[in-house]
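Two chains, two frames, some hints: make the complex.
One line per chain: the protein sequences are D and L, in this order.
Numbering-wise (numbering that gives the first Met the number 0), the first sequence opens with residue 0 and increments by one.
Numbering-wise (numbering that gives the first Met the number 0), the second sequence opens with residue 0 and increments by one.
Honestly, the hints are just simulated from the structure, not real lab data.
Glycine included, each C-beta is placed from N, C-alpha and C at the ideal position.
A hint or two may mislead.
Unchecked claim - Okay, derived cross-link-like pairs now, BS3-like style, lysine-lysine, Cα gap no bigger than 25 Å in a straight line:
no.	chain 1	residue 1	chain 2	residue 2
1	D	Lys133	L	Lys131
2	L	Lys12	D	Lys21
3	L	Lys43	L	Lys12
4	L	Lys131	D	Lys42
5	D	Lys133	D	Lys211
6	D	Lys42	D	Lys21
7	L	Lys43	L	Lys22
8	D	Lys21	L	Lys43
9	L	Lys22	L	Lys12
10	L	Lys43	D	Lys42
As the list claims (entries may be wrong) - Part of the chain D face toward chain L, derived, beta carbon under 7 Å:
no.	residue
11	Ala33
12	Phe233
13	Asp258
Stated by the list, open to error - Which chain L residues stay away from chain D? Per the calculated CB distances, all over 12 Å, these:
no.	residue
14	Asn77
15	Ala86
16	Ala124
17	His172
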Amino acid sequence: MYSQTLRIHSARPLPTPTAQRKNATLLRMVANFALQSVGGHAKAQSFDVLQNAQPAARAAQHFDATELAEDDDASIRLTNVGDIRFTGMATPAETGAAIVAAQQEDSEMAIRTMLQSSHMRGTFAVTTFSTGEKVGVGQWQFTAVRGTPTEYGQFSIGNTDEEGATSLALAINRHPGCSTYFQAMANVTDVYVWRISVPPNGGSRLVVDTGKHTVTQITAGARVVVRTAQRTTFGNFISISVVGAVTPGGDTLVGGAGDQGAADDLYQQTGNP
Amino acid sequence: MAYSQLIQIHSNKPLPAPTGTRKNSALLRQYANWLVSALAGTAKVQGFEAMQNTAAAKRAGALLVYSSGSGTVGITINGVNVTVTWATSDTASMTATVAAVNASSNALVQYLVEASNTRGTVALASVVAGTKLQLGQYEFVAVSGTPTDYGQFDISGSNTADAASLVSAINQHPAAGRYYHAFAASGSATVQVFRFATPPNGTRWSATASTLTIVQPVAAATGCVRSINRNTYGNCITVAATGTGASITDSQARLIGGAGNSVALQQGRA
Numbered sequence: 000m001y002s003q004t005l006r007i008h009s010a011r012p013l014p015t016p017t018a019q020r021k022n023a024t025l026l027r028m029v030a031n032f033a034l035q036s037v038g039g040h041a042k043a044q045s046f047d048v049l050q051n052a053q054p055a056a057r058a059a060q061h062f063d064a065t066e067l068a069e070d071d072d073a074s075i076r077l078t079n080v081g082d083i084r085f086t087g088m089a090t091p092a093e094t095g096a097a098i099v100a101a102q103q104e105d106s107e108m109a110i111r112t113m114l115q116s117s118h119m120r121g122t123f124a125v126t127t128f129s130t131g132e133k134v135g136v137g138q139w140q141f142t143a144v145r146g147t148p149t150e151y152g153q154f155s156i157g158n159t160d161e162e163g164a165t166s167l168a169l170a171i172n173r174h175p176g177c178s179t180y181f182q183a184m185a186n187v188t189d190v191y192v193w194r195i196s197v198p199p200n201g202g203s204r205l206v207v208d209t210g211k212h213t214v215t216q217i218t219a220g221a222r223v224v225v226r227t228a229q230r231t232t233f234g235n236f237i238s239i240s241v242v243g244a245v246t247p248g249g250d251t252l253v254g255g256a257g258d259q260g261a262a263d264d265l266y267q268q269t270g271n272p
Numbered sequence: 000m001a002y003s004q005l006i007q008i009h010s011n012k013p014l015p016a017p018t019g020t021r022k023n024s025a026l027l028r029q030y031a032n033w034l035v036s037a038l039a040g041t042a043k044v045q046g047f048e049a050m051q052n053t054a055a056a057k058r059a060g061a062l063l064v065y066s067s068g069s070g071t072v073g074i075t076i077n078g079v080n081v082t083v084t085w086a087t088s089d090t091a092s093m094t095a096t097v098a099a100v101n102a103s104s105n106a107l108v109q110y111l112v113e114a115s116n117t118r119g120t121v122a123l124a125s126v127v128a129g130t131k132l133q134l135g136q137y138e139f140v141a142v143s144g145t146p147t148d149y150g151q152f153d154i155s156g157s158n159t160a161d162a163a164s165l166v167s168a169i170n171q172h173p174a175a176g177r178y179y180h181a182f183a184a185s186g187s188a189t190v191q192v193f194r195f196a197t198p199p200n201g202t203r204w205s206a207t208a209s210t211l212t213i214v215q216p217v218a219a220a221t222g223c224v225r226s227i228n229r230n231t232y233g234n235c236i237t238v239a240a241t242g243t244g245a246s247i248t249d250s251q252a253r254l255i256g257g258a259g260n261s262v263a264l265q266q267g268r269a
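So that you can see chain L by itself, here it is in the shape it has in the complex (with noise of 0.2 Å):
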C-alpha cells in the first residue's frame, strides 16, 4: 500500500528553509522537530489539517503537440495564453513553448504549472514479471496483478494496459514522479517520458529486457505541461492549443491524471 500524506500548518513562524545543505533527512528532521515545538507554543501554530490517504498522488499533465506549425504558436492554460512566434523547426518552437510557460509571472500559470519537452519514450511488448525498467536511478518492476508498493506497474494485461500502469507507476513514485512525467495517448503501448529537471543521480535509460524498447530523452517537438503539487484539483487546470499545427493530445480541454485529494481532512489546534 501507498500513502501519500498531507500536513497543512498555519503559523506565525516559517518552516525552517531548505539551503544546499539543509536538505533530505536533515531538512526533514528540522521539519518534525519544528512540528515539536509546535506543540510547545514556540513555533506560534494556530491550526493544522492533516490527511490520511490511501492512494497514491500524482501530479495532472496535458501533451501539447507542434506539427508542421506556422505563426503563433502555444498554449493557453487557465485562460492565460502563452505563445510564441514559430521558428527554425517544430522542436525548437516547442522548446521556446515551453521556457515561456516556466518562465511566466502570470498568476494562474507562475507555481502552479511546469512543462518540459525533454522526452523519452519507452515502448511496451509482452512484457514478463520480473523486467525491470531503470529511469535515472529509479527503477520499475513489472509484477503481475495489482502493485502493492511503489515502483512497481502491472504486466498481466495487454500491452495498452501494461503502458497505462507504468504511466501510473512513473507518475505516482514519491521521488521520480518530481523529475518525469509519464503520459500515454489512449490507446497506445507506448509511454513517453519527460524529463522536468535532472536527478541527481544520472540521467541514463535501461531496461533488463527487450520487450521495454527504450529511446533516451532529447527536446521534442511535443511537451508536457504539468501541476506542479500532487492534487486531484490540478485535474480543473484548463489547457488549449493555440496557432497553426498546435494540438493537445486526445483533445483534453483539462489536465488530467491528477490525484490525491479525495479523502477528507481532518483539522485540529496545536
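Chain D on its own, in the form it takes in the complex (with noise of 0.2 Å):
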C-alpha cells in the first residue's frame, strides 16, 4: 500500500474540479497536466515527489461536549490553527451540531480548510473477529485477515479484541476512498465511526456479523470528532486545548501518516520539469 504525493510548483493552475469533472475524469487531466509540465505549457517551475511505502491517514481527536449545557459557551483550541467556539444547545444533537457549523463557518479560513468534523457517529462493539469476516462502512467492505493486512480494505483480526478493533479503525482512516467519508477511532474494544460527509453510493450504514458483535447505526450526537482535511504526519503536532465543559480524547491530533519515507533515498525528490 502506497501513498505517493506529487507537488508542483506551476505559474499555471491544475484543472478546477467541476460537477462533471471529477474521479478518473480529472485523474485524465492531472496526468495531462503534469504532461504538460514537461512540455513546458503548464509553466512548471518545479516538483516535489514523496514516494511513501505507508498508506497516509488524518490526524483526529474526538470530543465530548454531552455535559455542555444550554447556552453555555465553550470552545476548542487547536494551536496554531485556530479556535472554535460555540455554545451548548438544548440536547447533544443539536450541541454537536453547532460544533461542525462552528468549525465549517468559521471566519478563520485556516479552521475551515485545514480541518474537518462530524457528530454523526455510530459503533461497532467488537468480539472476536474470524479470518474472512466481513465489515460493512456504507459501500465499503473491510475483510478481517491473520497477520498484518497487504491491501486496501484488510485489516488484522489480531491476538485480542482490543488489537481488532484498533487495526479495523486503521484500516477505515487509511482507505482511499472510505475515509474521504468516514474517520474511526477505537476505544478498547469499540469502534467509533463518525461520518465526515455523505457517501455517494450505497448510504452509511455500518454492517457486522450481528450475531457476534453490536452495532450501533450512525445518529446525531454531541460526542465530537475533529480531524484535518489532509493526510499527514504533521497533523499530529496540533496540541489541542478546551474551554467551558468539553472532554477531548487527548492532547493532541493522533494517527496522522503519510510523510514519512520507508527510506531516506527514496523520501522527498525535487526535480526541474
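Here it is in C-alpha cells:
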C-alpha cells in the first residue's frame, strides 16, 4: 500500500474540479497537466515528490460535549490553527451540530480548510473477529485477515478484541475512498465511526455479523470528531486545549501518517521539469 | 501568480523510484505516464486527492542560537530532546547539534524536520527595483509592488519590510527553497539564509548593487530547523531551546512560516 505525494510548483493552476470533472476525468486532466509540465505549457518550475510506502491517514481527535449546558459558551483550541467557539444547545445532537457548524463556518480560513468535523457517530462493539469476516461501512467492505494487512480494505483480527478493534479503525482511516467520508477511532473493544460527509453510493450503514458483535448505527450526538482535511503526519503536532464543559480524547490530534518515507533516499525528491 | 499544487495518490503499486539518471523531466514524465496508467488500472490506484493551491507553499522554520553555551545544549522538537555536549565553540557545538537533528531516528523528528547551520546573510539598504540577488544559480529580482512570479521580492516598503519579502521569495521558490531557507528576525533588515544542501550549479552568492550586502555562507553558531515538507501543518511543530546559552529567536514555541494547505482538497477515484 502506497500513498504518494506529488507537488508541482507552477505559474498555471491545475484544472479546477467541477460536478462533471471529477474522479477518472479529473485524474486524466491531472495526468495531462503533468505531461504539459514536461512540455513547458503548464509553466511548472519545479516539483517535489514523496514516494511513501505507507498509507497516509488524517490526524484526528474526539471531543465529548455531552455535559455542556444550554447557552453555556465553550471552545476547542487547536494550536496554530485556531479556536472553534460554540454554545451549548437544548439537546446533545444540537450541541454537536453547533460544534460542526462553528468549524465549517468559522471566519478563519485555516479552521474551515485545514480541518473537518462531524457529530454523526456509530459504533462497532467488537467480539472475537474471525479470518474472512466482513465489516461494512457504507459502500466499503473490510475483510478480517490474520497477520499484517497487505491491501486496502483489510484489517487484522489481532490477538485480542482490542487489537482487532484498533486494526479495523486503522483500516477505515487509511482506506483511500472510505476515509474521505468516515473517520474511525478505537476505544478498547469499541470502534467509533463518524460520518464526515454523505458518501455517493450505498448510504452510510454500518454492517457486521450481529450474532457476534454489536453495532449502533450512525446518529447525531454531542461526541464530535475533529480531523485534518489532509492526510499528513504533521497533523499529529496540532495540540488541543478546551474551555468549558468539553472533554477531549487527548492532548493532540493523533493517527496522522503519510510523510515518513520507507527509506531516506526515497523520501523527498525535488526536480525541474 | 504562483501555484503549488498537491496530488496525493493511494495505490497498491509504487511510483517510479528516482535514480541518478531518472530525475527532473525524465522523472516527471514517468510520473505523468504513471498517472495515465492509473486510469487504465495497471497502477492499481484506489483513490487520489488534488489540491489546487493558489498560493506558493513554504516550509516552516525556526532559529536556534548558541551564545556562550556550556554543558548540555540542544533543541527539543515535538517533545524530543536532541542534545550534545557543548565543546570548543558555539559554532562547533551548533554543527554537532545540527548533525544530531539530521541523524535522529525518532519518529517525531526523522523525515519531518531537517537542520543546517551553514549560514550567510544579505543586508538590505534602500534596494531599488531591478536589483538582482543571485544565490548560486537562483536569481531574485527586486520589484516595486506585489510579486507576480517566483523569484521576485517587493522593495516598496521599509528595509525591514523588504527583507521580509525577500525571505518569502526565497522560501517559496520552487527550486531554491529546496536548498535554502531564509529567516528575518522581527524588525531586522538582514536576512539570514541557510544552505541545507549543495545546489547543482554553484553555491556562490552575488548582487548587482551595493544596496545588498552579502556575507557568503559558512558554519555559524545559529542553526535553522525546518519542516522537510512544504505545508501549513509544519507550523504546529513545537520547538524549545535546551541548556545554558541556547535560545530560539523571537522566543518562538513553534516553527513558523509554513504554507500550502489552506485550500480544500478535491478527492476522487481513479
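**Study point:** Restraint check for Lys43(L) with Lys42(D), where alpha carbons must lie at most 25 Å apart
**Key:** 29 Å, violated
Measuring Cβ to Cβ, find out whether Ala124(L) lies farther than 12 Å from everything in chain D.
-> 30 Å, holds
According to the definition I'm using, a residue is off the interface if its beta carbon is farther than 12 Å from all beta carbons of the partner; does Asn77(L) meet that for chain D? The claim breaks: Asn77(L) does not keep its Cβ more than 12 Å from every Cβ of chain D (closest is about 6 Å).
Given pair status - Lys43(L), Lys21(D), alpha carbons within 25 Å
18 Å, holds
* **Pair hint Lys12(L) and Lys21(D), alpha-carbon separation not exceeding 25 Å** => Measuring from Cα to Cα gives roughly 22 Å; hence the hint holds.
Please check whether Asp258(D) passes as an interface residue: C-beta within 7 Å of a C-beta belonging to chain L. 6 Å, holds
* Asked: Quick one, are Lys133(D) and Lys131(L) close enough, alpha carbons at most 25 Å?
  -> 63 Å, violated
Taking C-beta pairs only, is Ala86(L) more than 12 Å away from all of chain D? 27 Å, holds
> Can the restraint linking Lys43(L) and Lys12(L) be considered satisfied, given a maximum Cα separation of 25 Å?
Replying inline: Distance of about 6 Å is within 25 Å: holds.
Checklist entry - Is Lys133(D) close enough to Lys211(D), meaning Cα to Cα at most 25 Å? => result Answer holds: Lys133(D) to Lys211(D) is near 12 Å, not above 25 Å.
inquiry  = What's the verdict on Lys43(L) and Lys22(L), does the C-alpha distance respect the 25 Å limit or exceed it?
reply    = Holds, at about 23 Å.
>> The hint names Ala33(D) as touching chain L; please verify it with the least Cβ-Cβ distance against 7 Å.
In response: It holds, given that the least Cβ distance between Ala33(D) and chain L is near 4 Å, below 7 Å.
Hints 1, 10, 14 and 17 from the earlier list are contradicted by this structure; the remaining hints agree with it.
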